[in-house]
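Engineer: Single-letter residue listing:
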Amino acid sequence: MKGTSRGYEESVLAVFSKLGITLEELPDWNCCGSTSVIAVNKVLAMVLAARNLALAEPSGLQLLTPCPSCWLELTKANNVIKEGGKLAEKMKEALAAGGLTYKGTTTVRHLVEFLVNEVGVEKIKQYVNNQKYVGNALTGLRIAPYYGCQIVRPYAELDDGYNPQNMEKLIEALGAEVAQFELKTACCSGALMATRKNVGLEMSKQILRNTKEAKADIVVSACPLCQLNLELAQFGNSEFAGKNELPILSITQMLGLAMGIPPRELGLPRSILPGVGKRITDMQKQKAPAAIGG
Amino acid sequence: MCSSCYECTVKCPAQIKITEIMYALKRKSVREGLVTRDADVHRFYKLFTDIVCKYGRMNEMMLIMRYMMFNHPVDLALQMPVGMRMFSTGTLQIQPHKVRNQDSFNKIVQKALSLEE
Amino acid sequence: MAPRVGVYVCHCGSNIAGKVDVKAVTEMAKNLPNVVVSRDYQFMCSEPGQELIRQDIREKDLDAVVVAACSPLMHEKTFRGTCSSAGLNHYRMQMANIREHCSWVTEDPVAATKKAKAIIAGTVGKVRHLRPLAEREVPVIQSVLVVGGGIAGIQAALQCADAGYKVYLVERKQSIGGHMAMLDKTFPTLDCSACILTPKMVAVGQHPNIKLFAYSEVEGISGYAGNMKAKIRHKAAYVDFEKCNGCGICHEKCPAKVPNEFEQGRGQRRAVYTLFPQAVPNKPVIDRAACIYFKNGKCRACEKLCKRNAIDFEQQDRVEEVDVGAVILATGHQVFDAKRMPQYGYGKYPDVYTSLEFERMVNASGFSQGKVRTSEGKEPESIAIIHCTGSRDQRYNVYCSEVCCMYSLKFAHLLHEHTNARIYNFYIDMRCVGKGYEEFYDRLLNEGVRFVRGKVAGISREARDASERGKLIVQAEDTLTGVIRRIPVDMVILANGLEARADAGEVGRLFGISRNKAGFFIEQHPKLNPFGTSNNCIFIAGTCAGPKDIPYTVSQASAAASGAITLLSRGTALLEAVGAHINSDLCSKCLTCVSICPYQAISVDGEPQLVAVDETLCHGCGTCAAACPAGAIEADNFNDEQILHEIEGLFSWEEAPEKKTEAELVESGAPTK
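Chains as they are written, first to last, in this note's numbering: chain S, 1 to 294; chain Y, 1 to 117; chain D, 1 to 673.
Just so you know, these hints were derived from the structure itself, not from any lab. Relax, there's no trap hidden among the hints.
Label pairs and their in silico Cβ distance ranges:
id, chain 1, residue 1, chain 2, residue 2, range
1, S, 61, D, 595, 48 to 56 Å
2, Y, 28, S, 264, 44 to 52 Å
3, D, 464, S, 58, 46 to 54 Å
4, D, 465, S, 121, 32 to 40 Å
For clarity, every value in this text was computed on a predicted model and none was experimentally measured. Think of the CB as a built atom: it goes at the ideal place given N, C-alpha and C, for glycine as much as any other residue.
Model the full assembly from the supplied sequences, consistent with the hints where possible.
Structural biologist: Printed below as a string of structure tokens:
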């Protein structure tokens, strides 16, 4: 996530450092191929994902990924290897050509579920309540949990596929209100925003409209591409201008704000929508003067 | 047009892996040349794949530029404000990031391509 | 004297002859030890085929017969009959399965022929040492146990009772009637369900031959075919049914209110309650969990108000044993839990109803007094009925529930009568197979119901424009026009399917009846005996055997009753003669066999201790014989000598001696090897 999701990456590093969890960036990781490579070449797509699995295996550490699409492709590749068969053999052969082997022991985790199940809501609460920067608290704000599609489908591990609750748990742990909305697992359109812009815009806008109906102040997204798309759908669009603009935060950006990490360190300035950090501070001033410590 | 949201796969009462079939259809249509000049979503996928194969990592600027420059110049022009914004926030990389072990990576990619059915 | 064996190889048309070289096999059989005649024929089970066997038995003085053909499950009975009619004890006939075990499962004809030869040689080896056995005749108790008081149990009970037999009808709820009592109207005649059911219920209540045990459950069953003891637990109702006259004052005045299960949780009942107004027996029971007295010692209003002193808070469960000759299982079904399909919003949106909830809503004595209203009390302007909820789905129930299309049409009709709403039926196929069903569908088409052929993908509240605001949006593809539809409605009714009861496994275990993958009881033969089971005195009827409509249920119930009546009318039953015998000289009283017997047929008693097999309970399975460390147990016609000869036959057929004349075979002292 060195490119368009740079902000997300910064927030991940900042939050995990505060939580006291060491993240080792997978040395020499490569792009997993997401939904694009598999539309051109199946073996290549699986091999790209498998290379990351193979690189992670020797360390014995869990492979944590903040992106649902990567998580999906990595899990898919892992399943193929575990089940065996022709494709698995081809994948192993390709990896061997580059001097890599993979036995199938790497566990893949997604950031959202990791935070809830490994780190735990209780631990996160501690950091929220202990934070010094009272001005960053999220109390009184309504946050809409937007999961998107690939984190709950087709593998809905460790959360319900139709009505996931992990993000709600995190939002509540941070002291904010959950703005529940219908389309929380609907697709933002993914790559269609670039290739079929008219379709993509409509899909993303529908989601934004639905969160507005739920009176959300902020939308938190589990996926960097969803975050980008929901921002793009608002950029330069009069429907979402001014007061109607919805700041889109990534999970760790939201966590970081509640933990008292300055917005700059969370990559907020890198959002497509200018002035997200200030917008949120204004919201807080309006909604929860008490939280700001008067 | 499939965005791989997997709704169909999860909802299918016969448990057919429809999304995977969509991917297969996409691959097939490219292989058999069943694409038109206007419906050029496949170009996007191919460009994506080419960039990943070359560098091991994605470079959005390269992808968007190559995809839109000559085929959708108007759209590209309309995207300028967004591009400028991304440039100014440091999220648009001009220099592509690369994988370090190029040699090993290339060998893997070549082998994978040769094993495709 | 050396046994004289006849071998009969059946072609079974091309089933065997198409794969196995039957001529070669028959030839080989001639050379097997003790075989005096070996024939082949197109269809051994046919009359001419059987006559061949009979003639040889008589003219060639055969002592044992091998029929190499299909599985004994098919024709063992046939050929046993053939032998005994010719004067040969039918336990000296054994079938060699060269069809299901050979021709049907082997690809290579050469290999199949070799295998057939081996099987026959083995069977010949054994059959030479078979002993004649005789079946025991036991009296059959002249009463029937019917488990379950829904329409299936009611019909079966009435049929048996009218035929003059004593019936014990056990129903776990406090009233009979089952699911049919919950329905409003029945398709396709639109008869009021209670109106056609209650006469039968009353007939049960009044029948001199039927002992109705309501609020009771069968706890145990023991014994053997035709002679069973059933242990029935009469649950404590805290109401003395003898004293109670059903006046109803107790449940009128009871202050405790809880959700009413009969109304599918949408209405309320009291802690002391009857199931519905036409209940049989019309006696209330007290729900311990809801009763104020049982919870904190106060109230007792019912006791004070009851003029007959019928309330008895000290009542205990009572266990009773009855003797029965046959059992009919009619335990019914449960409906698919719609919460398992979250995409339909059941439990999330208040205006999504299941089929039974709707039945109760539209029923005049239901929670809504027959008025069709949304949860906000308004008349719905548009209603969607969704077929195949939970059925025909690999993720839930793979099978079709058979009744949902018809009851969905019925709902559409009732809605057409009760409201002015636009009605949509979303279906995959229209399954209207019964008498008058397709005509009912035609009627609906003329009533202006809108049919959309497409399984509903999901129900959502996401409104995309003003017309959708506040509505439930049904998303489905109209496959006949190829358009994806978003239809806003006020109410959704899910046609959830039928499935086996959650505790069907326990009932199956109790009675020893197996269930299929979906959990329904398995019939003796899916085509030719859908009401019998592997146990010849236990029958099944109704939805416990699979989803079905009321006419099929009633037919099956009467069929099950006829099975029971047939068993009982003979007065006696023949017990299979094959059993196990313990040689007390070899028995070391380790008691391994006692615990291992699946039928609890072995017991130890007497002074000095004797371990013995109860011949009536023994099924001849051979488990004890295999388990006995001392080799003290012998299973009839499966003793060590017989089995070893079969094994030797299997391996030594290739070394069969040269073709001998019949005279030589008879004169030679037929080698035992």
